[in-house]
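Keeping the supplied structure of chain W fixed, place chain D upon it in accordance with the hints.
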Amino acid sequence: MSEVRISEADLQAYIDGRLAEQRRSAIAAELAKDPELTAQVEAYRAHSDALRAAFLPVLEEPVPVRLLDATRPRRRGSWAIAAALVCTLLGGVAGWAISEAYRPATEARRVEEPLPMRAAVAHAVYSPEVRHPVEVGADQEAHLVAWLSKRLGAPVRAPKLESVGYRLMGGRLLPGESGPVAHFMYQCEKGTRVTLYVRTEAPDHGETAFRYADEGNVRVFYWVDHTFGYALSSADISREQLYKVANAVYQQLNP
Amino acid sequence: MTDRDEVVALIPRLRRYARALVGDPGGADDLVQDTLERALGKFHLWKPGTDLRAWLFAVMHNVYVNQLRRRREMSAFDEETMEIPVRAAQEGALAARDLQRGLERLPADQLEVLLLVVLEDMSYQEVATALGVPIGTVMSRLSRARDKLRVAMEGTPPSTRLQVVK
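For the protein sequence lines, the chains are W and D, in the order given.
Each step along the first sequence adds one to the number in the working numbering, with nothing skipped, and position 210 is 210.
Each step along the second sequence adds one to the number in the working numbering, with nothing skipped, and position 29 is 29.
With the rest of the complex left out, here is chain W (with noise of 0.2 Å):
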């Protein structure tokens, strides 16, 4: 009887079934004189049995939406239809907050000032949302938050506003002007909605103090802190009323 070389390779293409039949008998000649080897085969045909078995049900969960978003075309192309769409539906400076915000950056342009206008177009374009206010929603808020902490590189939080009768409705991630950019939402029992735009700051930045700013029909109040810089924005609730949200917000962030 001729000798038989199993090399590791062999071993672990008979494993997963891929040998030639002549070579594959072979190997399986050898085997049937080897029980410690047979035993090791086995087992290894047994981890990947269980391995399959365990990830099978992932193929039958639904696909989250956001995964069918992320493969839909998001060139500037399609935003300057969306742009012009919003533009349409808003009027106001809302829309020229839009088509500023996603013309080419200018030197000028870049430092602060775009914190409240960039905010106030993100509550413009998603807080009338019906269908997909969120991207993830409040019931996943651990998910949610640590998410973002990840994708910011530092630990986001998101504040409970409860106390001034509003509740979190979730988040979503926003492209940002040098990166990515986090995203909250809030209602009240009214329906009403706030949202607070939270974004990385440059480490030299240091702090400012609350400011205010009217961004054609969005009301926003702003602030950066050493991290980050935040913008609670509103279209529908008075300044007063949304200075005591923001009030609220601040508090929480900024112990």
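Check each hint, because a few of them may be wrong.
[Unchecked claim] Which chain D residues face chain W? A few, computed with CB under 7 Å, are given here:
hint: 1; residue: 33
hint: 2; residue: 38
hint: 3; residue: 96
[As the list claims (entries may be wrong)] Simulated restraints, written as ranges between beta carbons of each label pair:
hint: 4; chain 1: W; residue 1: 189; chain 2: D; residue 2: 9; range: 38 to 48 Å
hint: 5; chain 1: D; residue 1: 47; chain 2: W; residue 2: 163; range: 50 to 60 Å
hint: 6; chain 1: D; residue 1: 136; chain 2: W; residue 2: 208; range: 56 to 66 Å
hint: 7; chain 1: D; residue 1: 121; chain 2: W; residue 2: 191; range: 46 to 56 Å
hint: 8; chain 1: D; residue 1: 72; chain 2: W; residue 2: 190; range: 40 to 50 Å
hint: 9; chain 1: D; residue 1: 51; chain 2: W; residue 2: 163; range: 49 to 59 Å
[Claimed, not checked] Covered, in the sense of this in silico footprint (three residues per stretch, anywhere, with C-beta under 8 Å from a C-beta of chain D), are these stretches of chain W:
hint: 10; stretch: 5 to 16
hint: 11; stretch: 53 to 66
hint: 12; stretch: 137 to 148
It is worth saying that the hints were derived from the structure and are not from the lab.
For clarity, every value in this text was computed on a predicted model and none was experimentally measured.
From the three backbone atoms N, C-alpha and C, an ideal C-beta is built for every residue, glycine too.
What follows is chain D alone, placed relative to chain W:
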């Protein structure tokens, strides 16, 4: 079927692979999302008529390697990804927990090879192409992955029987 439809049809397989690779479902979907976004941005690099699945898995490999690098740089955020990665295996002697523990102990490069071969049923050559390594490397990683998994699951010492001459 448009290119986009083909990509969408492959999402469940990308998710399955990512789930086994990363562990927690949220983190796995993050990996898939990053992969799809990257693939979309580089779609002009895909040659129509070639294997789209292999290309997407190659993109995912690159995204994953970058993620690992970044994660090492900011390991403070690692705790939150520790959830229950594997749903219970339906029956049989092999407990899902042991399998999970075994997978967690594999180095990423060996785990990738094992998953592409076992879950995706890729040929060794396809795996080599997707990961950008020689086929010999694929074989040795596969062999080491299986040895380590067996040790983790059964406490059996690694085999010294490879390359035996009979």
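Status of each hint after checking the structure:
no.	hint	verdict
1	33	holds, 5 Å
2	38	violated, 10 Å
3	96	holds, 6 Å
4	W/189 / D/9: 38 to 48 Å	holds, 42 Å
5	D/47 / W/163: 50 to 60 Å	holds, 57 Å
6	D/136 / W/208: 56 to 66 Å	holds, 58 Å
7	D/121 / W/191: 46 to 56 Å	holds, 50 Å
8	D/72 / W/190: 40 to 50 Å	holds, 47 Å
9	D/51 / W/163: 49 to 59 Å	holds, 56 Å
10	5 to 16	holds (count 10)
11	53 to 66	holds (count 12)
12	137 to 148	holds (count 5)
Checked against the numbered hints given earlier, this structure breaks only hint 2.
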